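Chain by chain, the residues run as shown.
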Amino acid sequence: MNFELNMTIGDLLLLLPEIFLTLWLCLVLIVDFAFPRLAKEQLAYLSVVGLVVTLGCLAWFDMAQISGALFKNMFVLDRMAIFFKMFIVGASILVILASIEYVNRFAFFRGEYYFLIVMSALGMMFMASANDLLSLFVTLEFSTFGFYVLVAYLREDLASNEAGLKFFILGVFAAGLLAYGISLVYGETGQLVFSDMASAPATPGLIIGFLLIFAALGFKIGAVPFHTWIPDTYHGAPTPVTAFLSIAPKGAAIALLLRLFFVALFTFKPMWVLLLAAVSVLSMTYANIVAIAQTNIKRLLAYSGIAQIGNVLIGLAAGTKMGNDAILFYLLTYLFANIGAFAVVIAMSQAIGSEEINDYSGLNRRSPFLAFSMLLFLLSLAGVPPLAGFIGKIYIFVAAIKEGLYTLITVGLINIVISMYYYLIVVKKMYIAEPIDPSPIRVSGPMKAVVYVGLAGTLLIGIYPQPFIDWVVSATMMFSHLPAPAATALPPIPPLGG
Amino acid sequence: MGDYALLYILFAPFFGALALIFVSNRQTLLVRGIAAGSAFISLIASLYLFYTYDPVLGGYQFVQRFEWSRQLGIALYLGVDGIGTPLVLASSILLFAGIFVSWHIKDRAKEFYIWILILAAATIGVFMSLDLFFLYFFYEMSVIPMYLLLGMWGSHTKKYLEMTDPEGMKQRDSVGFIFNFGSNSKEYAAMKLVLFLSAFAVAAFMGILLIYKYSGLNTFDILVLREHASTLMHIPVLGTTLDKIIWVLIFFGFASIAPLWPLHSWSPVGHAAAPAATSMLHAGVLMKLGHFSIIRVAFEILPETTRELMPMAAVLCMFSIVYGGFVAYYAKDTKYVIGYSSSSHMGYVFLGMAALDYISLSGAVIYMFAHAMATGMLFSMAGWVYDQTHTRDIPSLGGLSNKMPFISACFVVGCMASIGMPGTINFIAEVMIIVGSWNKYPLQVVVAVLGIVLTMAYLFKMMRSLFYGPMDQKYSHAYDAVAFVDRLPLLIMISVSIGFGLFPMHLYNVVRSGVDPLIAKITHVVPVAAAPALDAPAPALHEQLAARGVQLPDSRAAQ
Numbered sequence: 000m001n002f003e004l005n006m007t008i009g010d011l012l013l014l015l016p017e018i019f020l021t022l023w024l025c026l027v028l029i030v031d032f033a034f035p036r037l038a039k040e041q042l043a044y045l046s047v048v049g050l051v052v053t054l055g056c057l058a059w060f061d062m063a064q065i066s067g068a069l070f071k072n073m074f075v076l077d078r079m080a081i082f083f084k085m086f087i088v089g090a091s092i093l094v095i096l097a098s099i100e101y102v103n104r105f106a107f108f109r110g111e112y113y114f115l116i117v118m119s120a121l122g123m124m125f126m127a128s129a130n131d132l133l134s135l136f137v138t139l140e141f142s143t144f145g146f147y148v149l150v151a152y153l154r155e156d157l158a159s160n161e162a163g164l165k166f167f168i169l170g171v172f173a174a175g176l177l178a179y180g181i182s183l184v185y186g187e188t189g190q191l192v193f194s195d196m197a198s199a200p201a202t203p204g205l206i207i208g209f210l211l212i213f214a215a216l217g218f219k220i221g222a223v224p225f226h227t228w229i230p231d232t233y234h235g236a237p238t239p240v241t242a243f244l245s246i247a248p249k250g251a252a253i254a255l256l257l258r259l260f261f262v263a264l265f266t267f268k269p270m271w272v273l274l275l276a277a278v279s280v281l282s283m284t285y286a287n288i289v290a291i292a293q294t295n296i297k298r299l300l301a302y303s304g305i306a307q308i309g310n311v312l313i314g315l316a317a318g319t320k321m322g323n324d325a326i327l328f329y330l331l332t333y334l335f336a337n338i339g340a341f342a343v344v345i346a347m348s349q350a351i352g353s354e355e356i357n358d359y360s361g362l363n364r365r366s367p368f369l370a371f372s373m374l375l376f377l378l379s380l381a382g383v384p385p386l387a388g389f390i391g392k393i394y395i396f397v398a399a400i401k402e403g404l405y406t407l408i409t410v411g412l413i414n415i416v417i418s419m420y421y422y423l424i425v426v427k428k429m430y431i432a433e434p435i436d437p438s439p440i441r442v443s444g445p446m447k448a449v450v451y452v453g454l455a456g457t458l459l460i461g462i463y464p465q466p467f468i469d470w471v472v473s474a475t476m477m478f479s480h481l482p483a484p485a486a487t488a489l490p491p492i493p494p495l496g497g
Numbered sequence: 000m001g002d003y004a005l006l007y008i009l010f011a012p013f014f015g016a017l018a019l020i021f022v023s024n025r026q027t028l029l030v031r032g033i034a035a036g037s038a039f040i041s042l043i044a045s046l047y048l049f050y051t052y053d054p055v056l057g058g059y060q061f062v063q064r065f066e067w068s069r070q071l072g073i074a075l076y077l078g079v080d081g082i083g084t085p086l087v088l089a090s091s092i093l094l095f096a097g098i099f100v101s102w103h104i105k106d107r108a109k110e111f112y113i114w115i116l117i118l119a120a121a122t123i124g125v126f127m128s129l130d131l132f133f134l135y136f137f138y139e140m141s142v143i144p145m146y147l148l149l150g151m152w153g154s155h156t157k158k159y160l161e162m163t164d165p166e167g168m169k170q171r172d173s174v175g176f177i178f179n180f181g182s183n184s185k186e187y188a189a190m191k192l193v194l195f196l197s198a199f200a201v202a203a204f205m206g207i208l209l210i211y212k213y214s215g216l217n218t219f220d221i222l223v224l225r226e227h228a229s230t231l232m233h234i235p236v237l238g239t240t241l242d243k244i245i246w247v248l249i250f251f252g253f254a255s256i257a258p259l260w261p262l263h264s265w266s267p268v269g270h271a272a273a274p275a276a277t278s279m280l281h282a283g284v285l286m287k288l289g290h291f292s293i294i295r296v297a298f299e300i301l302p303e304t305t306r307e308l309m310p311m312a313a314v315l316c317m318f319s320i321v322y323g324g325f326v327a328y329y330a331k332d333t334k335y336v337i338g339y340s341s342s343s344h345m346g347y348v349f350l351g352m353a354a355l356d357y358i359s360l361s362g363a364v365i366y367m368f369a370h371a372m373a374t375g376m377l378f379s380m381a382g383w384v385y386d387q388t389h390t391r392d393i394p395s396l397g398g399l400s401n402k403m404p405f406i407s408a409c410f411v412v413g414c415m416a417s418i419g420m421p422g423t424i425n426f427i428a429e430v431m432i433i434v435g436s437w438n439k440y441p442l443q444v445v446v447a448v449l450g451i452v453l454t455m456a457y458l459f460k461m462m463r464s465l466f467y468g469p470m471d472q473k474y475s476h477a478y479d480a481v482a483f484v485d486r487l488p489l490l491i492m493i494s495v496s497i498g499f500g501l502f503p504m505h506l507y508n509v510v511r512s513g514v515d516p517l518i519a520k521i522t523h524v525v526p527v528a529a530a531p532a533l534d535a536p537a538p539a540l541h542e543q544l545a546a547r548g549v550q551l552p553d554s555r556a557a558q
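The listed protein sequences correspond, in order, to chains G and P.
Each residue of the first sequence is one higher than the one before, starting from 0 at the first, in numbering that gives the first Met the number 0.
Each residue of the second sequence is one higher than the one before, starting from 0 at the first, in numbering that gives the first Met the number 0.
These are calculated hints, taken from the structure and not from any lab test.
None of the values given here were measured: they were computed from a predicted structure.
The C-beta atom is built at its ideal place from N, Cα and C for all residues, glycine as well.
It cannot be assumed that every hint is accurate.
To be verified - Each computed BS3-like pair below joins lysine-lysine, with the alpha-carbon atoms no more than 30 angstroms apart: (1) G:LYS427 to P:LYS105; (2) P:LYS331 to P:LYS473; (3) P:LYS473 to P:LYS460; (4) P:LYS402 to P:LYS105; (5) G:LYS268 to G:LYS71; (6) P:LYS105 to P:LYS331; (7) G:LYS447 to P:LYS105; (8) G:LYS427 to P:LYS331; (9) P:LYS331 to P:LYS460.
Unchecked claim - The calculated label-pair distances, taken between Cβ atoms and stated as ranges, are: (10) P:ARG69 to G:ILE291: 35 to 41 angstroms; (11) G:ARG441 to P:ASP386: 32 to 38 angstroms; (12) G:ILE462 to P:THR522: 36 to 42 angstroms; (13) P:ASP106 to G:ASP469: 42 to 48 angstroms; (14) P:VAL448 to G:ASN357: 52 to 58 angstroms.
With the rest of the complex left out, here is chain G (with noise of 0.2 angstroms):
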């Protein structure tokens, strides 16, 4: 494989925003440096500032529909690659927003903390336009190194540490499935590139190594049963890495998926499809019923997280357009309502120094913004309308239905009614039951326009989510191809009355 690289100044365009975030990096990085004195906030609105601007020049390519393929097809930006790092820089900056107030408990490197997460961010970001398995590995491996380093940047803490070295041995675990995974397919194919093997013959060899990479990217969506180190990490981690954790790389993972199942597997789509639904159908129901026993708050979104990451996967057993339209749309809802959440446990955190349910008791006494924020977050998460989550969950549900997934419908649907119980168990904990220490809790400036951010999300793409169908739709252009049931015509309204 001779590999030459012929590229003009236009095509590096393309990469603009992943060079711009890769310089900002270097400038919060020396600036840190050069300025030890100056306030680490400083830096944090530093690489907000950053993260805006890249914002900004992507929803520019999605709307000048810039796209295109770099160095022989490993890097694409189509408007997938462009939603998902949207998203990613989206949760980054909200997340960076979360954490001003918390890095104050870090006794060393505060500064180093947002250039771990922006490199974690740029690096997602890579990921989301991987396109064949030699960037899948180097893409994710490079995302996940600054999570290994974030996870235990409570260094006095043990739980963190733990966390850390949980997720990293078990990181390193999946990346070696990963790699040897890929080492067979490329034995079996000869191909790198998605697309290129798009025909080859279903050889044992090449079914194990999909099945190794399913597990890769399954670990990192946290989906059952590749799903073992998501509590005690989540527990562990300092809360907006868990945050981050439990937003950014599902997304950037789920776009991974998204290529490798219809690019590269769509001939073996009766295979997937069962395999999917076994996943989702563990996902949903073992961690919807674990997560009934927990007390502490951040184990219960964990769990909860993996049970979305269930319902997501209905989505993608569809194998449809609408069905990752559906995803697209489902991970949109799920980041304003896990963010603002988990915005509130961190604000919760910074307040009252604990993360168990009981000490949510009588929060609407104390601070009834918080209470009713948290309140939609929960009930976009369970699914109640008129909230996002609501409407994700349907989208789910319409794009299953078309293609007959009843079994797969009937678990999520039982799912939702599990759910309901423990979010309402912390409803209840917040506003049923009288507060132990009834003192006022105050929020900080950026952690409320966290908030509101989150609530703004829920609400309208909950209550006018047209907009945001149309964006999610154009998004997935590039499944426009599969057999999809065809968007009829509506039949003329009949006359009224009668």
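Please arrange chain P on chain G, whose structure you already have, making use of the hints.
Leaving out everything else, chain P in the frame of chain G:
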């Protein structure tokens, strides 16, 4: 207002709730004012709606349609027919009355009004939805406010499991045990209500999704579906036909909120735990969501299946009537009595629906309206008595008529209305149900008449032990409702009940205009000749629909 009446009715409470978020809890008068004001707008608009609905024209009027999502085939499609109109009116009357019933709430009054406005608005939304998605949307939306209302402002159900018969023997709600884990806390009642209703709601939603898929029309629009869907769904599956499965899912999914025996056990506990205004809305209109949704979805979209399977409801409704009546007789908690009486009375509505007759179905709809007023009165007065005496234990109360003559007089009227005394609208409704279903279900009619006797027994028993006989001196501080705001809700509900009882013709005409086309469709439908194979609508149907200008998407076999 004219054409936009439905939007005013639906969105006034929503915007009221939104406005309340920005008001401080300390400005008590402003909080109450906003709540009452938005309820008042809703009430005026629904009175306008009720009196300008043209029963001669019939059909869906005041229609509003806003495209909501093209890809999913959802539109915010609002409109009322003769069945929805009186129920919208009942909801807004009860909301307005409920605001005044809870006028004296001290603890977090603002939040209370926010949730009660959202609850009422969501209920109203169901009554005017012409889109299956929005019907489910509003239905689900009405459940969560109940959780908070019960949990935050409710009271524990102390005497829930203890019941004694006149001989002093211990009795127990022995059928409710299926889902009864026996806790007496309000948290338990609230959680049970939400989980129970959600569990059955998702069953109904599965039915809705199946209609969506097998109609192949890519729309949730009820008016489109009722024209085209039923012919497409006679598909053999699992030893029966698909339409029957869908019908059963939808019927039992929605019947749980109605509540039909044996799915009732969440309801009396919920009533007993809820604050007065919430019980009023819960028993008055929330329970009617069940009947209404069955009529709107199962009757409209699957008329033939309804004709085949509705006798099932006629059997179950007997148990509802008798079982509810007996438990109400033995119960010792005032709200528990009224709660079980409601669940018993909902059996009459099911009887009226099951007979599939012009008169009986109209009677059922009018009964829903009538019951909303009667039960609203009783619950608001039970709430008043509880506020004054801090107990709902019937045996320990007594002689309160000395202390609260106005309440006691109203209670008599409420009981009379609940029994179906001539002069109240309940009488007309009961007579219509009984007359209409006599031909088809004489046994059930006999049971229903016995049920009326039973109603008299427990209501008179409760009335006597609450208001007459010797009074315990510890209740000497109890006060009557003297202030205008306290009397207003009762006066409204009494005057509506008696007013329509004396002049029922407009109500009757409106209801008939909605019921007639429905019954005509159900009882005179042409049976479908051929049953197409699973998942593949026969070509003949495709062509038939194509001729009507309906394009079907590829319907490929389910894997």
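Going down the list of hints, with the structure as the test:
1. G:LYS427 to P:LYS105: 20 angstroms, holds
2. P:LYS331 to P:LYS473: Holds. P:LYS331 to P:LYS473 sits at ~19 angstroms (cutoff 30 angstroms).
3. P:LYS473 to P:LYS460: 22 angstroms, holds
4. P:LYS402 to P:LYS105: OK: P:LYS402 and P:LYS105 at ~24 angstroms, within 30 angstroms.
5. G:LYS268 to G:LYS71: 26 angstroms, holds
6. P:LYS105 to P:LYS331: 28 angstroms, holds
7. G:LYS447 to P:LYS105: Distance ~29 angstroms between G:LYS447 and P:LYS105 Cα, so the pair holds.
8. G:LYS427 to P:LYS331: 28 angstroms, holds
9. P:LYS331 to P:LYS460: This hinted pair holds, its Cα atoms lying about 11 angstroms apart.
10. P:ARG69 to G:ILE291: 35 to 41 angstroms: Holds: the Cβ-Cβ distance is about 39 angstroms, inside 35 to 41 angstroms.
11. G:ARG441 to P:ASP386: 32 to 38 angstroms: The hint (32 to 38 angstroms, Cβ to Cβ) holds, given that G:ARG441 and P:ASP386 are roughly 36 angstroms apart.
12. G:ILE462 to P:THR522: 36 to 42 angstroms: With a Cβ separation near 41 angstroms, G:ILE462 and P:THR522 satisfy 36 to 42 angstroms, so the hint holds.
13. P:ASP106 to G:ASP469: 42 to 48 angstroms: 45 angstroms, holds
14. P:VAL448 to G:ASN357: 52 to 58 angstroms: 54 angstroms, holds
Every hint from the earlier list agrees with this structure, and none is contradicted.
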